[in-house]
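The listed protein sequences derive, respectively, from chains A and B.
Per the numbering used here, the first sequence starts with residue 1, numbered consecutively.
Per the numbering used here, the second sequence starts with residue 1, numbered consecutively.
Mixed in with the good hints there might be a few duds.
Under the rule of at most 35 Å between Cα atoms (straight-line distance), these lysine-lysine pairs were calculated in the DSBU-like manner [claimed, not checked]:
#, chain 1, residue 1, chain 2, residue 2
1, B, Lys252, A, Lys95
2, B, Lys63, A, Lys64
3, A, Lys31, A, Lys91
4, B, Lys27, A, Lys31
5, B, Lys204, B, Lys252
6, A, Lys91, B, Lys321
7, B, Lys252, B, Lys27
8, A, Lys95, B, Lys127
9, B, Lys63, B, Lys383
10, B, Lys252, A, Lys91
11, A, Lys91, B, Lys127
12, A, Lys64, B, Lys321
13, B, Lys127, A, Lys31
14, B, Lys127, A, Lys64
15, A, Lys31, B, Lys63
Think of the hints as simulated: they come from the structure by calculation, not from any bench.
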Amino acid sequence: MNDINEKTATDVRQIVLDIIAEIAPDADLSKLRGGTSDADQTPLRDLLGLDSMDFLDIVMELRKQHHIDVPEADYPRLNTLQSCVEYLLPKFNGK
Amino acid sequence: MEWSQRIVITGVGLVAPNGNSLAEFRKHLLEGCARIQRIDMRYMGLVLAGVCAFNATDYQTKKEIRTGTRAGSIGIYCAHKAIESSRLPWELLDKSRVGIYVGITEHGTVETENEVYQLSQFGYDTKYWNHHHNPRTVANNPAGEISINLGITGPHYTLGGACAGGNLGIIQGVQMLRLGEVDYALAGGVGESTGSFGIFAGFKNQGALAEHADPNKASRPFDRDRNGIVISEGGCLFTLERLDDALERNAKIYGEIVGYGINSDATNTVLPDSERQAECMRLALKKAELQPNDIDIVSTHATSTVEGDRRECQALRDVFKDAPNTHFNNTKSFIGHTMGAAGALELAGNLPSFEDKTIHPTINVDNLDPECELPNLVTHTPKKLQRANTILSNSFGMLGINSTVIVQRFNS
Chain A
1 MNDINEKTAT
11 DVRQIVLDII
21 AEIAPDADLS
31 KLRGGTSDAD
41 QTPLRDLLGL
51 DSMDFLDIVM
61 ELRKQHHIDV
71 PEADYPRLNT
81 LQSCVEYLLP
91 KFNGK
Chain B
1 MEWSQRIVIT
11 GVGLVAPNGN
21 SLAEFRKHLL
31 EGCARIQRID
41 MRYMGLVLAG
51 VCAFNATDYQ
61 TKKEIRTGTR
71 AGSIGIYCAH
81 KAIESSRLPW
91 ELLDKSRVGI
101 YVGITEHGTV
111 ETENEVYQLS
121 QFGYDTKYWN
131 HHHNPRTVAN
141 NPAGEISINL
151 GITGPHYTLG
161 GACAGGNLGI
171 IQGVQMLRLG
181 EVDYALAGGV
191 GESTGSFGIF
201 AGFKNQGALA
211 EHADPNKASR
221 PFDRDRNGIV
231 ISEGGCLFTL
241 ERLDDALERN
251 AKIYGEIVGY
261 GINSDATNTV
271 LPDSERQAEC
281 MRLALKKAEL
291 QPNDIDIVST
301 HATSTVEGDR
311 RECQALRDVF
321 KDAPNTHFNN
331 TKSFIGHTMG
341 AAGALELAGN
351 LPSFEDKTIH
361 PTINVDNLDP
371 ECELPNLVTH
381 TPKKLQRANT
391 ILSNSFGMLG
401 INSTVIVQRF
411 NS
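Please put together the full structure from these sequences, using the hints given.
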């Protein structure tokens, strides 16, 4: 049985989306808002025009808001929304 | 002087606590409309301040605003407005021939305080220190944000001159145009000091922070009951260009910058020196080949501190002792001290005098300090002048930096 505090992939997806909305307030997130889609597999850099400073912002907000550290070597794992979820889900659940 | 060496103002962009355009600012100066408010300052509670209410998203994305600085936003807004009002064919211009010269009192104080406060929420662990800190706090930030926003590839930098910064920006623009380094200059100053508790606390502990039950009466230069500075934010950038270029494109000319002076007291970090201030004004008059009596309007620097106002008045009485036509006013009585913006903003508010022959008053002088007596100090209400052809604008700053700019009505 899952821990009641354990995050689901949907939870983590929403957390990442909220952070992106915060750090890139002008970005059009409509393709990602409606639930999992092909857009989840599109590089965020291409889909939303995020730059390297934006990715550093995402890393910082994960650290500040959720105490999750993303080592520099793992930055490529934040390439798409789907890869973010796959990478971050175990971290959120302490695994 | 050759026309290519004569520099004119062909655009004005500004934000002030009481107006976001020259027309609105001027209207409020003539109507006696001050706008000072109480704001909640970190660690201090309510303090008096002049805050600007412009819409930064008119020219910036939300992300630019989030990652940039308030000084950058103020500068960007002013730069766009200065270009718009100049009616330059902006899209066609060679942006490598545009220079950005922005006077500042300080920069980075606000951003550093904010970052240290954020860090305190995370036990001062520096892994939470924001990577935006360095680009936000480098000294060229306000000018650099303008460059990026407008795609200007000519030189951009700030001029740190304490509260003389705005004048230094103008003077730098004039010099670079005369040297032929650029064809157009966006020149003036910005101030964002209302975001810094340290600046408020510093003035307060120096006994120089204004307090008054009525916020709009707190900034009261020359009044016997003045008790200090009202710290404000603001900005003003002028479009400057060479006279021959301006005439060729039939530009509206707001005025010609005919003289300037910069010197140093070399005496004290905070107390000004009347003798050097007078010397600075004379330097500017000499460059302009004018006599004191040729000056119709003096825009005083006076910040509403007890000693500072007296010393400037002493210098003014010395320089203008034989100048019965010269009138004096003060803009800080309306908007407080906009720091790096002050010189440029206060000059801008007086420029329309060339058209309406009216000098706006100094407000809040209910009981004139006898040591601040000036012949023709205009108080309470505007005054119609016989002649309004020449403005001398003073801006002085800490560490004893003095600056004067003289602008004349342009007659074709």
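Comparing the hints with the structure gives:
Only pairs whose Cα atoms come within 35 Å are accepted, and B:Lys252 paired with A:Lys95 is rejected, the gap being roughly 69 Å. A threshold of 35 Å between alpha carbons decides the hint, and for B:Lys63 with A:Lys64 the separation of about 19 Å falls inside it, so the pair holds. Using a Cα cut-off of 35 Å, the hinted pair A:Lys31 and A:Lys91 holds, with the two alpha carbons roughly 26 Å apart. A C-alpha spacing of about 48 Å is found between B:Lys27 and A:Lys31, which places the hinted pair above 35 Å, so the restraint is violated.
Restraint check for B:Lys204 and B:Lys252: not satisfied, since their Cα atoms lie roughly 43 Å apart, outside the 35 Å limit. Between the alpha carbons of A:Lys91 and B:Lys321 the distance comes to roughly 77 Å, so the proposed pair goes past 35 Å and is violated. Between B:Lys252 and B:Lys27 the CA atoms are separated by roughly 20 Å; this keeps the pair inside 35 Å, and the hint holds. This hinted pair checks out: A:Lys95 and B:Lys127 have alpha carbons roughly 22 Å apart, not beyond 35 Å.
Between B:Lys63 and B:Lys383 the alpha-carbon distance is near 46 Å, which puts this suggested pair outside the 35 Å criterion. Between B:Lys252 and A:Lys91, the direct Cα distance comes to roughly 63 Å. Violation of the 35 Å bound is thereby established for this hinted pair. For the hint pairing A:Lys91 with B:Lys127, the CA-to-CA distance comes to about 18 Å; that is within 35 Å, so the pair holds. This hinted pair does not check out: A:Lys64 and B:Lys321 have alpha carbons roughly 63 Å apart, beyond 35 Å.
Proposed proximity of B:Lys127 and A:Lys31 is supported: the alpha carbons are some 33 Å apart, at most 35 Å. Only pairs whose Cα atoms come within 35 Å are accepted, and B:Lys127 paired with A:Lys64 is accepted, the gap being roughly 10 Å. Proposed proximity of A:Lys31 and B:Lys63 is supported: the alpha carbons are some 19 Å apart, at most 35 Å.
This entry does not satisfy hints 1, 4, 5, 6, 9, 10 and 12, going by the numbered hints stated previously.
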